[in-house]
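Those protein sequence lines, which keep their order, are chains A and B.
Counting with my numbering, you get residues 1 to 401 for the letters of the first sequence.
Counting with my numbering, you get residues 1 to 301 for the letters of the second sequence.
Check before you lean on any hint, since a few could be wrong.
[Claimed, not checked] Here are the simulated SDA-like pairs of lysine to any residue, each with C-alpha atoms no more than 20 Å apart in a straight line: (1) A:230 <-> B:276; (2) A:230 <-> B:249; (3) A:230 <-> B:118; (4) A:230 <-> B:272; (5) A:230 <-> B:215; (6) A:230 <-> A:198; (7) A:214 <-> B:270; (8) A:392 <-> A:285; (9) A:57 <-> B:108; (10) A:367 <-> A:78; (11) A:190 <-> B:267; (12) A:367 <-> A:307; (13) A:354 <-> A:143.
Hints were generated in silico from the structure; no laboratory data involved.
On a predicted model such as this, the values are computed, not experimentally measured, just so you know.
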Amino acid sequence: MEREETIMWMHKTALTIVTGFAATLLTASPHMTADAQDTVNIGMFTSLTGPSAIVGKDMQRGVELAINRVNEGYEVPLKDGSTRAIGPGVNGSQIRLIVEDSESRPQAAMDSVRKLVNVDNVSVVLGEYSSGLTLPTGQFINENGVVQISIGANSPKLRDVGPFFFDMIGLATLQGSAMVDLAEQAIGAKTFATFMPNNPYGVGVELAVCEAAKERGSECVATVRYEEQKTDYRAELQQANAPNPDAVIFFAYGAEAQLVLRQAYELGLNASEKWFGTEVSNWVNEVTDTPEIAEGVRGIEHDVGGDFYNEQYAGPYEEAYGEKPLTVFGGYGYDAAMIAALAIKEAGSTEPDKIREAVHKAAETYKGVTGDKAVDEEGMQTNEDYAILIYKDGGLQPYTP
Amino acid sequence: MFQVLIDSLIRAAELSFLAVGLTMVYSVLRFPNFAHVEFATVGAYMALLFSATLTLPLWLAAAVGLVLTGILGVVIDRAIFSRLRRASPIMLMIASFALGIAMRETVRAIWGPSPFFYNIGLQRPMEVMGARITSIQIAIIGAAVVAMAGFHLLLNRTRLGIAMRAAADNSQLAQSSGIYTENVIRTVWFIGAAFAALGGVLIALNTQLAPDMGFGIIIQVFAAAILGGVGNPYGALLGAVIIGLAENVGLAINWAPLAEFLGLSTSGYLFIPTGYKAAIPFTVLILVLLFMPSGLTGARR
Numbered sequence: 001m002e003r004e005e006t007i008m009w010m011h012k013t014a015l016t017i018v019t020g021f022a023a024t025l026l027t028a029s030p031h032m033t034a035d036a037q038d039t040v041n042i043g044m045f046t047s048l049t050g051p052s053a054i055v056g057k058d059m060q061r062g063v064e065l066a067i068n069r070v071n072e073g074y075e076v077p078l079k080d081g082s083t084r085a086i087g088p089g090v091n092g093s094q095i096r097l098i099v100e101d102s103e104s105r106p107q108a109a110m111d112s113v114r115k116l117v118n119v120d121n122v123s124v125v126l127g128e129y130s131s132g133l134t135l136p137t138g139q140f141i142n143e144n145g146v147v148q149i150s151i152g153a154n155s156p157k158l159r160d161v162g163p164f165f166f167d168m169i170g171l172a173t174l175q176g177s178a179m180v181d182l183a184e185q186a187i188g189a190k191t192f193a194t195f196m197p198n199n200p201y202g203v204g205v206e207l208a209v210c211e212a213a214k215e216r217g218s219e220c221v222a223t224v225r226y227e228e229q230k231t232d233y234r235a236e237l238q239q240a241n242a243p244n245p246d247a248v249i250f251f252a253y254g255a256e257a258q259l260v261l262r263q264a265y266e267l268g269l270n271a272s273e274k275w276f277g278t279e280v281s282n283w284v285n286e287v288t289d290t291p292e293i294a295e296g297v298r299g300i301e302h303d304v305g306g307d308f309y310n311e312q313y314a315g316p317y318e319e320a321y322g323e324k325p326l327t328v329f330g331g332y333g334y335d336a337a338m339i340a341a342l343a344i345k346e347a348g349s350t351e352p353d354k355i356r357e358a359v360h361k362a363a364e365t366y367k368g369v370t371g372d373k374a375v376d377e378e379g380m381q382t383n384e385d386y387a388i389l390i391y392k393d394g395g396l397q398p399y400t401p
Numbered sequence: 001m002f003q004v005l006i007d008s009l010i011r012a013a014e015l016s017f018l019a020v021g022l023t024m025v026y027s028v029l030r031f032p033n034f035a036h037v038e039f040a041t042v043g044a045y046m047a048l049l050f051s052a053t054l055t056l057p058l059w060l061a062a063a064v065g066l067v068l069t070g071i072l073g074v075v076i077d078r079a080i081f082s083r084l085r086r087a088s089p090i091m092l093m094i095a096s097f098a099l100g101i102a103m104r105e106t107v108r109a110i111w112g113p114s115p116f117f118y119n120i121g122l123q124r125p126m127e128v129m130g131a132r133i134t135s136i137q138i139a140i141i142g143a144a145v146v147a148m149a150g151f152h153l154l155l156n157r158t159r160l161g162i163a164m165r166a167a168a169d170n171s172q173l174a175q176s177s178g179i180y181t182e183n184v185i186r187t188v189w190f191i192g193a194a195f196a197a198l199g200g201v202l203i204a205l206n207t208q209l210a211p212d213m214g215f216g217i218i219i220q221v222f223a224a225a226i227l228g229g230v231g232n233p234y235g236a237l238l239g240a241v242i243i244g245l246a247e248n249v250g251l252a253i254n255w256a257p258l259a260e261f262l263g264l265s266t267s268g269y270l271f272i273p274t275g276y277k278a279a280i281p282f283t284v285l286i287l288v289l290l291f292m293p294s295g296l297t298g299a300r301r
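Could you put the whole structure together from the sequences, leaning on the hints where they help?
Quick look at the structure:
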């Protein structure tokens, strides 16, 4: 008897749960469609937590700045000196920005884009920063026929994602020769070691560096690909150092760079003389507690700045958020969002094929705060400028080799 | 090369705290506790909590964290595993797996996925025979030696230790000889969890705190415990040393002379790619088990 009661109780509970779900679905779905008609949804996935949290937040701010301008109405500057009026909103609707946290890890990024594509029905997806997160999610988004504009990722493999995929930043192939030139001019380096995360970005830069070195008659003597988000990199660091290379070309994400640089310091690997980093601004906020570990490290960063950048972006950013732009990547987020809005307006609908066509056109004429944003046939940036910097006295400063 | 030995020792010290606790719980309760490594994470974060928010000195915060994590171990046993004493090892294993996820995600939910550092500033390395080591790293090795010596004395010189060994050997016989095995089990959980917490604090001191810091070394910890013959604390210690060596030496060996001997051209340096780092302990484990199926110490069971 007791057993039967238990079973009855279980059935009842199960029934309650099922009807509950059904009721939620029924009430939720009409609401969702109504929502979709009122606004144009743009989705963004960005790392608000994890090692890339600061870059992720900065990119979100950049995107928000652009979307707010479009929703209020804005005169967008074009390359030929004229402007194009946009807004308020696009095609008679306000833009609704939906931001998901990709937690600096591929699984969370995948969950984020699934929600954006399947639940929120966004017209365009913006993001990410890490190539390791952008590649797998990019394939999913592209297969679903949704336009994506990647903001900060630059693995050469991004070129193959598909027709709906665009990027806002020069691919790593352009970084390889910039790094080799820098190390050669600064310390006459002839032998190179690379110390890169084992992800599409890191491997992309590694291959580009070694190819550039070969072209110049130098060589790569060690190529270390480390696993991300581990707690100990001593063995990896020593492997990179074993052939005693003239220069070590490295990259690490935010907080992880702090660990890598700290362990290199503790092992006496002389980072201040031999280490050259790509995209050095991505860890500049994370090493402030122990600036000694990065002192003297040289490297390249995407070159943004100048009057147009300050007036269009950095100034209004500071007004809105009470501090200077945290990294350079927020500006790329701004450009990505602005091009997305221009493309949706140009397309006159949220039909993916039309938006895709329009992105090509918008990128051609738009004057980006981070420079020329024209894309080639595969949607990739055609050029990129790099600034050469050195970490000194607790911050990055211009450096001339 | 001396640097590699020092790095191996540091790693072995960190692993030993976890491997010994894991093997102790196994010896008494006969199941692999997959949640064991999470005590390291919890202990490290508790020390962070007490040192950062309550501004206790770090050693005191760590001590409080250790005791609390030990108590957490006992509470978890009361709440979950004591109700499953008669369940099969597979059931217990699954339960421990679920518990591990719950603990890890709770830490992530409270502190977020971004890493933290203890506020101890930068350690200046000192040079010892051409290798570099920081005072923290010396402390880690020292703490491991002291803790393991203390543990040895506990096992051999105290009534409690003898009871623990008796319960591990044959818990029914121990019970009928007047040893209250539930008491022994509680002690084992407390010591195991507190040891793991100490290991966690030391790992965090040397590197950083992250929700995955315990789970990230679960393979190494299990490999060390199995290598030593599961259930044997001394074996686990030996296993930790071997895994520490295998990981660091394995990556440090230059295979170029061998490759050239085989007629392959190299640039003078040929290393095992670091992506294989986690596979090295497995390889060692498989090799040892092929030749010594019950582990290095050859447990008689």
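Structure versus earlier hints, numbers of those that do not hold, lowest first:
Every hint satisfied by this model.
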